[in-house]
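Visitor: These are the residues of each chain, in order.
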Amino acid sequence: MNHDELDATLDSFGDALASATRVTPGNALRPEDIAVDGVVPDEDLAQYALRLGDDALILAQRLSHWISRAPELEEDVALGNIALDVLGHARSFLTYAGLAWDKTEDDLAYWREEEEFTSLHIVEQPNGDFGVTITRQLIISIYQYLLYSKLAASADPTLAAIAAKAVKEVDYHRDHATQWTRRLGLGTEESAQRMRHALEILWPYVDEMFQDEALHERLGDRAVLPSSLREDWEQQITQVLTDAGLEVPQVGMAMARGRSGEHSEHLGYILAEMQVLARKHPGASW
Amino acid sequence: MAATTPQNAGLSAVPSYEQEQSQARFDALIEQDSRIEPRDWMPEAYRKTLTRQVSQHAHSEIIGMQPEANWITRAPSLKRKSILMAKVQDEAGHGLYLYSAAETLGTPRDELNDQLMSGRAKYSSIFNYPARSWADMGAIGWLVDGAAIANQVPLCRASYGPYGRAMVRICKEESFHQRQGFEILLALSRGTEAQRKMAQDAINRFYEPSLMMFGPPDEQSPNSAQSMAWKIKRFSNDELRQRFVGMIAEQVKVLGMTLPDPELRFDEETGRWIHKELNWDEFMAVIKGNGPMNSHRLERRREAHREGAWVREAAAAYARKYENSEVA
Chain A
1 MNHDELDATL DSFGDALASA TRVTPGNALR PEDIAVDGVV PDEDLAQYAL RLGDDALILA
61 QRLSHWISRA PELEEDVALG NIALDVLGHA RSFLTYAGLA WDKTEDDLAY WREEEEFTSL
121 HIVEQPNGDF GVTITRQLII SIYQYLLYSK LAASADPTLA AIAAKAVKEV DYHRDHATQW
181 TRRLGLGTEE SAQRMRHALE ILWPYVDEMF QDEALHERLG DRAVLPSSLR EDWEQQITQV
241 LTDAGLEVPQ VGMAMARGRS GEHSEHLGYI LAEMQVLARK HPGASW
Chain B
1 MAATTPQNAG LSAVPSYEQE QSQARFDALI EQDSRIEPRD WMPEAYRKTL TRQVSQHAHS
61 EIIGMQPEAN WITRAPSLKR KSILMAKVQD EAGHGLYLYS AAETLGTPRD ELNDQLMSGR
121 AKYSSIFNYP ARSWADMGAI GWLVDGAAIA NQVPLCRASY GPYGRAMVRI CKEESFHQRQ
181 GFEILLALSR GTEAQRKMAQ DAINRFYEPS LMMFGPPDEQ SPNSAQSMAW KIKRFSNDEL
241 RQRFVGMIAE QVKVLGMTLP DPELRFDEET GRWIHKELNW DEFMAVIKGN GPMNSHRLER
301 RREAHREGAW VREAAAAYAR KYENSEVA
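For the record, the sequence lines run as chains A and B.
Under my numbering, the letters of the first sequence match residues 1 to 286, in that order.
Under my numbering, the letters of the second sequence match residues 1 to 328, in that order.
The reader is advised that the hints may include incorrect statements.
Claimed, not checked - The calculated lysine to any residue pairs, modelled on SDA-like cross-linking and capped at a C-alpha distance of 25 Å, are: (1) Lys-122(B) with Asp-267(B); (2) Lys-103(A) with Gly-191(B); (3) Lys-79(B) with Arg-218(A); (4) Lys-79(B) with Asp-102(A).
It should be emphasised that the hints constitute simulated quantities derived from the structure, not laboratory data.
Since the model is a prediction, treat every value here as computed from it, not as a measurement.
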């Protein structure tokens, strides 16, 4: 069969782009565009993109589990939408990183071992109940919002372009988490209690998000120094928690070194599930 | 007056002059192919039929999320994962539109949801089969969504306005769903031996259940005639099944796969497709609740509802405390 016949068959299915239920437009820089751009990042830049990509990928994998399990249909749509956005960001960052090593996004997602993943501990934390997921979202979406806002001014044009588009979507994620934090914090005694519990179990992983590495120093104005985000982040999240009748928990910080491949016990299971089918068929195209 | 609605049989009172006027107006609207809107008078049987049909359709979207959600976390490439996620999210959106359309007929969403969770309401029987392999994402998209589209495109012209309008939006997205399913199978059909086997196995399992999605043969479908007179339904079960089987018989060639139906052929004389005898006994058994996944599908829905109760209570309490006072 020739190409025209195949195109005709595919066209017979109609409009492939229609989706009326997306809240955000899904306009992150497409990995396909990055791959053909021809710009190859150097090793440091690729390592940096890998970190951002891994955070987004593991978070998307966690969030996607909610689809068909949310407390109400509107939240199946909202959490699905957020997971989809975040997966889009992961794809862009991983595609860009992979150009340095002649690897695709899928090589990086499916064929690396646990210790090669550079994601933060916060994103691999289990979904827990809806309150835990919302709290994790609040912590990470404020962080990503501040990070991408600054990264949009990166001296590296590709990272700047990915961040400039991603930040618009993350702004919605932050708003979603903020609204729910208010509802749950001020809703019932049970919901407030659950939110306090969620804050206590997740807060230990906050420190890691702001740790600088030598890599960041070397990258200079091409990257965002994590520690530079902390003050704004604390100010914003404290405001949201205060408005919700909640407070920053008094808990110690965990020794978390995800950036150097030292993970908790969760990532192994996440990867086992994510990678199983791809690894069963080495070399296959999908 | 076009007699689209059977007169009440039995002991009901003689219709009043107002009722007769309303009935005449309703019949005229149907006759002119105009739309019935929520505030219009409509016969109780029309309201009941539509509520059942629209809510069953909504339930099917919601339960139909489960077999596909089963593969989101294991999708074999990030692109496929992204497309599948978008698709399942669309289905939740379709459920929302349809529950809204059903609500305009007077039954609240909570009540419809209770009917689903208690097992009183039906949903598309095909979702009671498991999605065992990745290729099932292809077969469900191509065959199950394909059959759904064949059923749904005529519903865009359904006589009840909110239903028809919801269907216009839904059909747009469904064609994307069918395409992505076909593309999954196409990639598998051009892949390794194991991938081709996976694809053929999925087609084999979903072929017959997808043909049965159009409902029993016309002579055994007693409600169809009334629905057609009311212009809710535009084509008979068998007409739609014919159209669908003709379409997939062509498309399967592009895949280089086969349909598990050696008898399938186009009969030039009658202009009809002849296909194998369908297993209606199994179909009925699955509808009654004895399919491989009925119990699991319903329990999963009940579980999400149960686990989310405290969230909905908190949102309602918050709205009472804060949002009302803001409005006031």
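Visitor: Each hint needs a verdict: does it hold in this structure or not?
Guide: Against the structure, the hints:
no.	hint	verdict
1	Lys-122(B) with Asp-267(B)	violated, 35 Å
2	Lys-103(A) with Gly-191(B)	holds, 21 Å
3	Lys-79(B) with Arg-218(A)	violated, 32 Å
4	Lys-79(B) with Asp-102(A)	holds, 18 Å
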